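S.K.: Sequence:
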Amino acid sequence: LHMMREILGDIIRPTHYGLEWELPRISDVLETNFFLPILIYFIILQILGYLVKQLLWISYLQLTRHRLQNLTVSLVHSCIAGCSSLIFFITRPIVMLEDAIHWYNPVAAQLIYFSMAYFLYDTTDVIRNDSSWHAFVILAHHTVVYSIFSIGMLSHKFLPYTYWALMVEINTSFLHVRSIMRLTNRDPCKNLCYKTISLLAFLTFFVFRLGTLLWMMLFMVMNYGTFHPFYTYSSLTAEVFFFIFSIFLLRHLLIEEGILEKAVL
321 LHMMREILGD IIRPTHYGLE WELPRISDVL ETNFFLPILI YFIILQILGY
371 LVKQLLWISY LQLTRHRLQN LTVSLVHSCI AGCSSLIFFI TRPIVMLEDA
421 IHWYNPVAAQ LIYFSMAYFL YDTTDVIRND SSWHAFVILA HHTVVYSIFS
471 IGMLSHKFLP YTYWALMVEI NTSFLHVRSI MRLTNRDPCK NLCYKTISLL
521 AFLTFFVFRL GTLLWMMLFM VMNYGTFHPF YTYSSLTAEV FFFIFSIFLL
571 RHLLIEEGIL EKAVL
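Taking my numbering, I'd label the letters of the sequence shown as residues 321 to 585.
If you're looking for bench data, these hints aren't it; they were derived computationally from the structure.
Values in this document were obtained by computation on a predicted structure and should not be read as measured data.
Treat the hints with care, as some may be off.
Stated by the list, open to error - Computed beta-carbon distance windows for the label pairs: (1) T411 <-> I360: 23 to 29 Å; (2) I410 <-> T546: 33 to 39 Å; (3) Q374 <-> Q430: 23 to 29 Å; (4) L459 <-> V527: 26 to 32 Å; (5) I407 <-> T444: 45 to 51 Å; (6) S467 <-> Q374: 28 to 34 Å.
Just so it is clear, CB atoms sit at the ideal spot from N, CA and C, and this is done for glycine as well.
Hey, can you work out the whole structure from these sequences and the hints?
M.R.: This is how it looks when you write it as structure tokens:
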């Protein structure tokens with residue numbers, strides 16, 4: 321009878337049951353189910369980046385051209401990640417709100433692997449083509465994102481929670497479109513389309529960026545003690561970093577729109 325209970329327990333119990341109490345194994349980054357999807361998506365993004373550089377924005381000067389081409393690939397990623405995470409939330413609200421720790425699906429995990437591949441792609445692109453202070457900030461951002469996503473993927477936990485993080489990309493999509501319009505329009509502030517995109521960028525900034533980050537921090541605090549403290553502290557550290565990053569980004573946007581003087585803050 322005891323043996324039957326163990327067998328049934330193994331059948332009913334989720335594959336990665338209890339891993340929320342274990343530290344992620346760094347050696348698992350060498351497992352094919354971890355690095356192979358990232359490698360495949362990275363190659364796809366490299367091909368996309370090559371096509372963009374051959375076909376789009378080629379009439380612009382070098383610095384502007386690279387910025388526009390980089391933004392184009394980034395826009396593709398943010399649209400895919402943002403829309404997919406929002407659709408997932410709409411179709412599986414119970415999972416997102418009540419099972420953000422344990423629910424796992426290998427197909428759903430592909431979106432995270434795709435995003436990790438994008439951050440690797442963008443890191444290599446920035447290193448090759450940009451040496452400004454802006455590039456350093458982007459590299460720091462990507463390093464933190466890739467690290468925190470890796471923790472979740474290695475533990476096979478927090479997949480819906482990571483989908484919450486990707487909802488920030490909804491705002492990022494509007495920010496990218498806004499940046500493209502500013503680089504290609506001599507007087508964007510007088511353009512009705514630009515004004516609409518800019519308004520949507522600010523609205524989604526508060527809802528999908530700051531709002532999501534605050535919810536994620538609250539989730540970690542409220543669920544403290546239900547998984548290894550490592551996940552709590554690493555997640556909160558990353559979210560505080562992203563929140564501070566977002567505040568400085570908001571300041572930059574307000575200055576660009578002429579709402580805030582550069583000397584303020």
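S.K.: Take the hints in turn and mark each one as holding or not.
M.R.: Hint check results:
1. Under the hint 23 to 29 Å, the C-beta atoms of T411 and I360, about 25 Å apart, fit the expected range.
2. Roughly 26 Å separates the CB atoms of I410 and T546, a value that falls outside the hinted 33 to 39 Å.
3. With their beta carbons about 27 Å apart, Q374 and Q430 fall inside the hinted range of 23 to 29 Å.
4. Against the hinted window of 26 to 32 Å, the Cβ-Cβ separation of L459 and V527 comes to about 27 Å, which satisfies the hint.
5. Between I407 and T444, the C-beta spacing of about 29 Å breaks the proposed range 45 to 51 Å.
6. In this structure, S467 and Q374 meet the distance hint of 28 to 34 Å, their C-beta atoms being roughly 33 Å apart.
Going through the hint list in order, the structure does not satisfy hints 2, 5.
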